[in-house]
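**Q** Each chain, letter by letter, is given below.
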Amino acid sequence: MVLDSGDTAFILICTAMVVLMTPGVGLFYGGLVRRKNFISMLALAFIAFSIVTLQWVTFGYSLAFGPDIAGLIGGLDYVGLAGVGMDGEGIPDLLFMVFQLAFAGLTLAILTSGVAERIKLSAFIVFGLLWTTLVYDPLAHWAWGGGWAASLGALDFAGGTVVHISSGFGALALALVIGKRAGFGQYSMEAHNIPMTLLGGALLWFGWFAFNAGSALAADGLAANAFVVTNIAAATGALAWLAAAWIKGTPASIGMISGAIAGLVAITPAAGFVGPMAAIAIGGVAGIICYGALLFRTNRGLDESLDAWAIHGVGGFWGALATGIFAAAAIGGVDGLIYGNVNQFLIQALDAFVAMGYAFGMTYLIAKVVDKVIGLRVSEEEEYVGLDLALHGESATT
Amino acid sequence: MVLDSGDTAFILICTAMVVLMTPGVGLFYGGLVRRKNFISMLALAFIAFSIVTLQWVTFGYSLAFGPDIAGLIGGLDYVGLAGVGMDGEGIPDLLFMVFQLAFAGLTLAILTSGVAERIKLSAFIVFGLLWTTLVYDPLAHWAWGGGWAASLGALDFAGGTVVHISSGFGALALALVIGKRAGFGQYSMEAHNIPMTLLGGALLWFGWFAFNAGSALAADGLAANAFVVTNIAAATGALAWLAAAWIKGTPASIGMISGAIAGLVAITPAAGFVGPMAAIAIGGVAGIICYGALLFRTNRGLDESLDAWAIHGVGGFWGALATGIFAAAAIGGVDGLIYGNVNQFLIQALDAFVAMGYAFGMTYLIAKVVDKVIGLRVSEEEEYVGLDLALHGESATT
Amino acid sequence: MVLDSGDTAFILICTAMVVLMTPGVGLFYGGLVRRKNFISMLALAFIAFSIVTLQWVTFGYSLAFGPDIAGLIGGLDYVGLAGVGMDGEGIPDLLFMVFQLAFAGLTLAILTSGVAERIKLSAFIVFGLLWTTLVYDPLAHWAWGGGWAASLGALDFAGGTVVHISSGFGALALALVIGKRAGFGQYSMEAHNIPMTLLGGALLWFGWFAFNAGSALAADGLAANAFVVTNIAAATGALAWLAAAWIKGTPASIGMISGAIAGLVAITPAAGFVGPMAAIAIGGVAGIICYGALLFRTNRGLDESLDAWAIHGVGGFWGALATGIFAAAAIGGVDGLIYGNVNQFLIQALDAFVAMGYAFGMTYLIAKVVDKVIGLRVSEEEEYVGLDLALHGESATT
Amino acid sequence: MKMIIAYIRPERFDRVKEALVEKGFFALSVTEIRGRGAQKGITLRGGKVSIDLLPKLKLEIGVEDTFAESVVHIIREAAWTGKVGDGRIFVLPVDFSVRVRDENITTA
Amino acid sequence: MKMIIAYIRPERFDRVKEALVEKGFFALSVTEIRGRGAQKGITLRGGKVSIDLLPKLKLEIGVEDTFAESVVHIIREAAWTGKVGDGRIFVLPVDFSVRVRDENITTA
Amino acid sequence: MKMIIAYIRPERFDRVKEALVEKGFFALSVTEIRGRGAQKGITLRGGKVSIDLLPKLKLEIGVEDTFAESVVHIIREAAWTGKVGDGRIFVLPVDFSVRVRDENITTA
Ligand SMILES: Nc1ncnc2c1ncn2[C@@H]1O[C@H](COP(=O)(O)OP(=O)(O)O)[C@@H](O)[C@H]1O
Ligand SMILES: Nc1ncnc2c1ncn2[C@@H]1O[C@H](COP(=O)(O)OP(=O)(O)O)[C@@H](O)[C@H]1O
Ligand SMILES: Nc1ncnc2c1ncn2[C@@H]1O[C@H](COP(=O)(O)OP(=O)(O)O)[C@@H](O)[C@H]1O
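Order-wise, the sequence lines are chains L, H, V, Z, F and G. Mapping to the working numbering: the first sequence position 284 is 284, numbers consecutive. Mapping to the working numbering: the second sequence position 162 is 162, numbers consecutive. Mapping to the working numbering: the third sequence position 1 is 1, numbers consecutive. Mapping to the working numbering: the fourth sequence position 78 is 78, numbers consecutive. Mapping to the working numbering: the fifth sequence position 85 is 85, numbers consecutive. Mapping to the working numbering: the sixth sequence position 70 is 70, numbers consecutive.
If you're looking for bench data, these hints aren't it; they were derived computationally from the structure. Incorrect hints may appear among the rest.
Lysine-lysine pairs mimicking DSBU-like chemistry, simulated, CA-CA at most 30 Å apart [what the hints assert, rightly or not]: (1) F:58 x H:248; (2) F:58 x G:58; (3) F:58 x H:368; (4) G:83 x F:17; (5) Z:83 x L:372; (6) G:83 x V:372.
None of the values given here were measured: they were computed from a predicted structure.
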């Protein structure tokens with residue numbers, strides 16, 4: 001029970017960097033929507049983070065990391081952060097708590113992809129509190145709080161299932177419940193400010209180092225490995241998507257940055273288990289299949305508007321499998337498929353499937369209930385005018 | 001006299017993050033003004049930071065942290081950074097110096113709120129050098145350099161009085177001296193680029209972790225506590241202001257981010273002394289009263305243009321009192337009002353009052369003198385055209 | 001062979017911060033070009049970083065830091081990061097590798113100044129891979145990988161020659177080969193979004209702390225010194241350029257931020273060898289001479305479009321010399337000219353000259369070859385329409 | 001010659017453009033404007049919020065007199081949704097017009 | 001019908017809009033432009049800096065012939081400050097105009 | 001009075017402005033627009049990419065009848081490059097015009 005100042009320093013800064021990812025998502029999404037909903041996307045990110053902060057410190061952390069109950073959820077011992085103090089092993093308990101808080105907040109922000117440009121603010125707040133409680137907290141418990149997935153030996157270094165499968169498939173469910181944007185498919189809804197999306201992407205790339213390397217919870221060689229593979233997967237993902245899009249037509253910068261995010265997502269569960277050369281494969285494949293998922297999504301006329309499903313959902317799923325494929329005992333103590341460990345691959349697949357099913361189903365349920373009770377969606381006029389003016393009374397630029 | 005690499009690593013990075021807050025203020029303010037003064041607000045932030053850098057390393061640091069003279073000011077022993085070297089206790093002396101430099105630079109940048117869209121560049125430089133010397137340096141000395149406030153036992157963990165009361169009430173004095181913007185109250189002067197304000201706010205939130213947690217000067221449990229309460233107060237402040245504005249009309253994103261800043265300001269002096277649940281109270285109240293202060297300010301027709309007074313001044317004042325109310329010995333070694341320590345509350349109140357009076361009075365004096373001697377304000381035509389074109393010969397966007 | 005968690009924490013975060021500098025350059029440049037090439041500049045930065053990432057982890061790192069061959073280049077021992085692992089001295093070897101990767105990526109991004117608004121994407125990728133292999137890797141080896149410059153005792157703390165002379169003079173060569181932008185000199189090509197340039201500049205200033213202080217490879221007093229002198233040189237550079245431009249006419253914010261970058265560039269090789277007061281001189285002179293270089297460049301009608309030559313090339317050259325002038329044994333163990341060590345000054349001059357000549361000549365050669373084989377430049381129509389639409393099929397803002 | 005000035009919904013622009021091209025009318029100039037018609041914009045949540053200026057696109061098309069009516073017709077058809085805010089088209093007389101490039105003056 | 005084109009100070013826009021609404025004129029289109037009048041813009045610091053294009057708003061209002069003069073009058077009154085840069089109003093003839101929505105053609 | 005509406009290349013704006021000032025025409029209003037002429041924009045890489053709307057500047061200049069032709073002439077000369085995309089100038093009749101500031105009504 002002794003603190004290490006180096007590890008503590010590392011996780012303190014990492015936490016700040018992960019917090020910055022939430023407005024990063026806001027900028028990323030805000031640039032992709034139409035100008036009239038720019039502020040809305042940014043505000044949703046801030047609000048997501050703020051409500052999760054309060055939920056987490058009052059009871060969410062306890063649900064996720066309290067003493068395990070039946071492998072499913074944590075007990076209420078840490079409600080109000082009781083017993084979560086300034087000391088701890090390696091790093092202060094409070095610091096671990098807030099590092100995890102940053103993950104929870106970010107996850108809800110990613111989910112706004114599915115309801116972009118059409119959700120009621122009040123409904124989002126209610127939905128968000130329910131979602132983080134009923135979806136995020138259990139998933140975090142399963143993987144990291146001593147739940148069944150952890151017991152089974154499922155590997156999720158920094159949140160492939162907890163953060164990305166959950167938000168990606170959650171966004172899909174949400175999009176199905178709330179319905180398409182008015183005019184979707186009839187006229188083009190181009191990204192209105194791509195440089196903001198690229199800036200948001202840069203902040204995400206930056207924060208992701210902290211997200212993945214910080215998940216080592218120590219400033220050590222494992223953190224360095226996570227850092228390196230994170231960067232490699234991002235770069236490969238960016239180039240792979242760019243190349244694929246170039247072959248099919250145009251090397252758009254949105255594709256490039258989406259590919260980087262896809263690579264980052266896919267390496268997330270694997271970052272502490274695979275080496276640099278595997279990261280090239282993981283990132284490259286992620287760039288290609290997430291691009292494919294996006295094409296599939298648009299061809300099907302689905303309005304999961306900002307592609308959390310294609311990038312986070314599909315990328316996270318691939319990452320969970322890839323961890324089971326490329327894990328090397330030399331790095332994280334566990335071997336994967338390519339080293340003959342079929343079992344690990346099957347565990348990964350099971351974990352990913354359950355997370356996908358649970359996140360999708362539970363999100364669908366919550367969304368339906370919220371929609372019935374208070375209504376998820378703004379009025380037709382409000383949507384036409386745009387949420388910036390209609391809800392916030394503001395215009396992004398004058 | 002031995003360095004700790006973890007603590008040193010922490011404060012090195014924290015310093016960089018606090019430095020980033022100054023352009024963060026520039027963006028925050030730049031988004032709030034009219035387009036024709038966007039560059040001006042950003043440039044003022046950079047210039048504030050640059051001139052304070054030179055002042056601080058030549059003599060400012062010595063005034064603040066040199067050997068105490070009568071509880072009022074530091075001696076000149078460290079002029080030119082003489083004797084401020086690469087070694088130190090825990091962290092290098094040079095590092096402590098530059099961490100404090102970042103605070104000083106930021107404080108002057110906050111002050112530009114009071115003269116936005118109308119100050120002469122030359123006058124700002126002269127005023128800024130005088131202000132940081134005659135207001136900031138003494139206040140820093142009183143609180144942290146061994147001055148009277150420190151001797152009295154006044155608590156200011158990260159700068160509630162030194163940074164926020166001083167800049168907030170300073171901005172008010174400055175606004176009174178320079179006068180209202182032409183057309184103020186006659187036509188609306190809406191924020192021209194709210195996403196930039198939100199981005200600036202995100203950078204401030206990010207940097208504030210370093211500001212407050214770094215003030216522990218070590219990567220330890222106290223830093224973790226400061227980090228956690230900082231985040232809680234920001235989130236609560238954001239939600240409280242948003243809710244209050246919603247009840248009165250519209251949940252504007254500017255209110256949301258202003259509430260976050262209000263929460264951050266209020267928790268600043270308290271961050272090393274109060275726990276997470278107190279942070280909810282401190283942040284929530286900050287969101288409400290700073291919103292009230294803003295309404296008061298606009299109702300009175302005061303053109304303290306970007307609300308440094310309402311947010312930093314009033315929020316800082318509340319934070320100083322709140323520290324006296326909620327301090328818990330278990331965290332920072334001192335109890336506050338709710339633990340029966342009336343004395344601490346009175347000390348806090350006294351400290352806040354003196355800081356407020358001194359900052360307001362001295363700023364008023366300096367502003368008057370500069371106005372008399374070289375004139376604070378641009379010509380009517382320059383103001384009409386906007387400072388970007390009139391002073392810098394540039395346009396924000398083409 | 002034992003890791004220090006504080007040093008590791010420091011370099012982990014520093015690396016993330018240096019990575020953020022690459023999109024920082026993208027924003028800086030993106031704001032300076034015409035709107036129709038905003039996305040292009042950002043995309044080039046991301047692409048530069050991505051291709052260098054793959055080059056570096058496959059063989060670039062080995063060329064730079066592999067066992068020395070004749071003082072000229074590193075051997076292939078580390079190809080595919082073989083033998084670069086999670087342990088190391090002080091910090092993990094993998095971490096040192098990725099810290100250096102961030103430098104290599106950034107350097108290529110700086111170079112895009114010379115071909116802004118007119119380079120073919122395919123040509124840039126080919127050129128970039130050749131350039132980083134044939135120019136960057138050898139220069140890195142000479143200075144830091146045990147090459148001839150290191151043997152000679154040339155000082156380059158964080159990359160004055162490796163990063164800045166190479167990219168600055170490389171950009172000049174590239175500009176000469178690709179030719180002027182259509183219409184250059186005939187009508188004005190004003191910066192289209194100065195706030196983005198200032199934001200990019202702020203991210204650069206932020207990242208530069210990590211760049212220079214991180215080059216100590218430890219969180220110690222030397223890092224603190226590097227941090228402090230970095231900040232001083234930036235501030236002084238900003239004010240010096242601003243003042244010079246003011247005397248000649250108008251204190252433009254672009255000049256101010258360019259001066260800051262000039263100061264940062266110049267202090268880069270010196271950061272671990274000079275003290276705070278020398279930093280004032282180095283930064284101030286950098287602001288003036290880089291401004292002079294810019295005026296010279298525009299007077300000569302050279303279209304090295306975004307002034308990498310004037311700022312990075314000339315500033316880096318001055319920095320290399322200044323290191324030989326102001327180095328103080330008390331700080332970095334070596335004395336410079338002002339302490340009577342003429343020799344060091346001559347070594348610095350030689351090193352800078354060779355780096356300049358090699359970078360300029362080799363870049364010219366590579367550019368000529370790429371131009372002959374696949375063509376460096378887009379068609380006249382594509383240039384007229386702008387690279388955003390013509391190459392990426394996107395518009396920065398709608 | 002006539003100058004046709006049409007204020008339309010931004011989301012109908014692509015459709016209008018295509019309809020014009022189909023009938024052989026290529027030239028046009030587009031400006032982003034904000035506007036309101038006789039309805040005073042849109043009122044939300046039972047009058048609590050009223051948005052009086054909405055983004056519209058303004059098209060300007062200079063055509064020979066004989067084509068004016070058919071261009072107006074094409075635009076109207078492609079821009080029509082039947083809801084408030086569809087816009088308005090004005091036809092103004094032009095004294096004469098010249099092409100900068102070829103100095104070929106058309107008077108009408 | 002007439003098309004009234006008014007270049008005014010941006011800061012007077014709200015006042016002009018209200019004045020128009022008061023008299024029952026709702027419809028208008030607004031464009032952000034830059035311009036200068038016969039005074040060649042503004043000269044600062046004794047001629048050292050001269051700003052030749054200042055931001056203005058352009059209003060376009062299509063009205064029946066009979067209302068043209070009174071709309072001009074309303075705008076002028078509300079836009080007036082008496083200082084250089086107040087702007088100018090032009091009244092152009094309109095051949096005819098149609099509403100996209102209801103196909104109700106007004107000819108004048 | 002006439003209203004001259006000129007669509008020109010943005011990069012020729014400074015030249016046009018100077019040419020006008022030289023001949024004593026100061027007043028003008030400028031709007032950023034996008035447009036295409038009869039050539040349907042620009043086609044790149046053998047038709048693989050086609051950019052149909054390019055940024056242009058629109059100048060509006062209200063002048064006395066007698067000056068209309070010479071202003072058109074000045075603009076055309078200064079805006080001319082001889083390549084596709086040089087733009088077009090329209091001259092519209094103006095019923096009357098007033099200056100907001102001095103209430104000095106000019107009718108033409
Ligand atoms: N008389 C007019 N003068 C100028 N612009 C007009 C006029 N009538 C309509 N417009 C333009 O057309 C747009 C749509 O008009 P309309 O369909 O009547 O709108 P609404 O249904 O919102 O009243 C307006 O936003 C405005 O830009
Ligand atoms: N003859 C004109 N043609 C076109 N626009 C004009 C004309 N006269 C004035 N304007 C517009 O009206 C605005 C204000 O004009 P005016 O009051 O004469 O300006 P100033 O006082 O700056 O000379 C100008 O900026 C311009 O946009
Ligand atoms: N008949 C027209 N009506 C409206 N605008 C026009 C017309 N003809 C040309 N323009 C404007 O002038 C610009 C340049 O026209 P032109 O030189 O004919 O272009 P291009 O060579 O691209 O066909 C166009 O982009 C458009 O904005």
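**Q** Give me the numbers of the hints this structure contradicts, sorted from smallest to largest.
**A** 1, 3 and 4
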